[in-house]
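K.L.:
Here is how the chains run, residue by residue.
Number of protein chains: 2
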Amino acid sequence: MNLAGNDMILALDFGGTKHTAGLARRGERTWLRTAREIAPEHATADDDLEIMLRLARGLLAGERPGITGVSFGGPVDFYSGTVRLSHHVPGWENRPLAQMLRETFGAPAWVDNDANVAAIGEHMFGAGQGSDSLLYMTVSTGVGGGWILNGRPWRGQDRMAGEIGHMVVDPSGPVCVCGSRGCVERLASGTNIARRAREWLREQPERGARLRALAGGNMELVDAKMVAEAAAQGDALAWEALERGAQALGVGIGNAANLVNPQRFVLGGGVTKSGEGWWAAVRAAARATALPEVEVNIVPAALGDEAPLWGAVALAVGSEAQVEQA
Amino acid sequence: MNLAGNDMILALDFGGTKHTAGLARRGERTWLRTAREIAPEHATADDDLEIMLRLARGLLAGERPGITGVSFGGPVDFYSGTVRLSHHVPGWENRPLAQMLRETFGAPAWVDNDANVAAIGEHMFGAGQGSDSLLYMTVSTGVGGGWILNGRPWRGQDRMAGEIGHMVVDPSGPVCVCGSRGCVERLASGTNIARRAREWLREQPERGARLRALAGGNMELVDAKMVAEAAAQGDALAWEALERGAQALGVGIGNAANLVNPQRFVLGGGVTKSGEGWWAAVRAAARATALPEVEVNIVPAALGDEAPLWGAVALAVGSEAQVEQA
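In the order they appear, the protein sequences are chains A and B.
Each residue of the first sequence is one higher than the last, beginning at 1 in our numbering.
Each residue of the second sequence is one higher than the last, beginning at 327 in our numbering.
This is chain A alone, in the form it adopts within the complex (with noise of 0.2 Å):
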């Protein structure tokens, strides 16, 4: 039931920091238009949706959208299109934001969270294009996950399929912020590559000399990419550092490769950008824990920066097809 001449997608990104919105014709690979604008700082959930919707209205310019698909960072029930909270922002708890978007957009909008989002659009348009089954992952400053199963998003009975981070790989490893010991975001992030490299640097002074070196001698600058830096410029102590995660990712795949045994695994985030002797690491850790019988196809998402936005675009565009089959 799309209106003539109203083909066109609204697609919204609520970053932790940015807002982005971008508008695209059905069927077409580029935006028509994009904008983005930081959040202040100390932002309400209010500001957050005044900066949103004054962006969208801009990329407008009058006109109506035909679908909306947003990626919110926080947890979000898809079905109700309501957002619980965000870890970042207050004021989001509870909000009905797919409701409030189709009023005020006067079109059918569908809201999910940023890993399932990601999933969603790795699939339609990214590295998981082809394959029936997936888990994307984004290891980054936190890691988390998204499903496809039987070509569609999987998300679980609670909304809450794909923590992958909150999976314990070592119960005798670091006490993790959901209170369990040694989950894989405790031991595989990116901020927690950095913590680990920064105790060891205190603990080992007669070590790292290439990643003190990077941190300009103040080792509270030091953050996972100086890590990876310093790893690839031949610094032990970084690349153990960053090894360590690497390894523990790769246990939590392999076990979620026996568990689930999908197609494939897509790993996005700013920890995969940590060269080539990581993802050796990460197959490697991966292949010795899956079964013999299990393949396990890790590969990199291939939308980037672009993963927010394109993944808002198939999230409407999917949810659309589904809600027509139903």
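Watch out, some of these pointers could steer you wrong.
Simulated restraints, written as ranges between beta carbons of each label pair [stated by the list, open to error]: (1) Ala236/A x Asn476/B: 45 to 51 Å; (2) Ala539/B x Gly179/A: 28 to 34 Å; (3) Asn150/A x Gly400/B: 24 to 30 Å; (4) Asn476/B x Pro174/A: 51 to 57 Å; (5) Val177/A x Glu602/B: 31 to 37 Å; (6) Val177/A x Gly400/B: 41 to 47 Å.
Here's a subset of chain A near chain B, in silico, CB distances under 8 Å, partners left out [said to hold, decoys possible]: (7) Asn150; (8) Gly156; (9) Cys178; (10) Ser180; (11) Glu243.
Derived by calculation from the structure, the hints in this document are not laboratory data.
C-beta atoms are modelled at their ideal positions from N, C-alpha and C, and glycine is treated no differently.
Fit chain B to the known structure of chain A by using the hints.
P.N.:
Positioned in the frame of chain A, the structure of chain B alone reads:
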């Protein structure tokens, strides 16, 4: 396309040590007839088949089944109907069992591995009724599992989905036959509960008096059932050996809940008869491992010893329905 008068379902269970066949009418939940035969020692695949065909022909008494469902105790490629191998009986490698049965009985036949069949059976007739997504797990000499997602079996790319037994939950744990350390099966199966108890009895001669008494002083006789009995009688060593298994299983379930977030976990197999303490320990570890937002609903299997045969009925009925849809 049921032929008139041909509403009979033939259900076959190729077990490790015994073979069972049952005949039921569509829509009914009692057997018309069943038959069972213990497999001889050193049997081959040909022996297994000969026994099963004899049992089936006895039940059918010259009639033709409408459809046939088969539970096989080993890896199966459901889509081609081919047995990959049996871990117990030689000669099963790549046998096209479904095709053979179709030709023998002149009726559609479907074959799947015992964990998937039990999952399908519990979903249709047992503890999974009314649930759209579940992981069935058997905790017995080994630990296996099978998925129902979106109301249908989920088998995975290599038909290996459900292998929660080989999820690594303690990388510093003991080495499993699968090659990994500290996987769920190596810690939680009946075989390994008994093995751990025997090791501890040897290492700690002052402990385990109740368990030693139950074994008549012969530690080699200690099995998982005996460990559970001694634990119920207050034997601390036996309880700790049992609890270690329950704990590892619970971590595996919690990890699976975070990753896939199904509505229900259905647990069958001999170890699940280890008493309320075991169930409480499994539930506590699963709850502690899963994220707070993830509900973890763990229930006992309902079909008991008849799970493989009723599961085979459910496999045949469900597969036929899916063929008709497609």
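K.L.:
Decide, hint by hint, whether the structure agrees.
P.N.:
Structure-based check of all given hints:
1. For alanine 236/A paired with asparagine 476/B, a C-beta distance near 48 Å keeps the hint of 45 to 51 Å intact.
2. Between alanine 539/B and glycine 179/A the Cβ separation comes to about 41 Å, which falls outside the hinted range of 28 to 34 Å.
3. Against the hinted window of 24 to 30 Å, the Cβ-Cβ separation of asparagine 150/A and glycine 400/B comes to about 26 Å, which satisfies the hint.
4. Checked against the hint of 51 to 57 Å, the C-beta distance between asparagine 476/B and proline 174/A comes to roughly 37 Å, which is inconsistent with it.
5. Here the CB-CB span from valine 177/A to glutamate 602/B is close to 33 Å, well matched to the stated 31 to 37 Å.
6. Separation of valine 177/A from glycine 400/B is about 42 Å and conforms to the stated range, judged on CB atoms against 41 to 47 Å.
7. Because the closest C-beta pair between asparagine 150/A and chain B is about 7 Å apart, less than 8 Å, the hint holds.
8. Of the supplied interface hints, the one on glycine 156/A holds, with its beta-carbon coming within about 3 Å of a beta-carbon of chain B, less than 8 Å.
9. Of the supplied interface hints, the one on cysteine 178/A holds, with its beta-carbon coming within about 6 Å of a beta-carbon of chain B, less than 8 Å.
10. The beta carbon of serine 180/A comes within 6 Å of a beta carbon in chain B, closer than 8 Å, and the hint placing it at the interface holds.
11. Of the supplied interface hints, the one on glutamate 243/A is violated, with its beta-carbon coming no nearer than about 14 Å to a beta-carbon of chain B, more than 8 Å.
Hints 2, 4, 11 from the earlier list are contradicted by this structure; the remaining hints agree with it.
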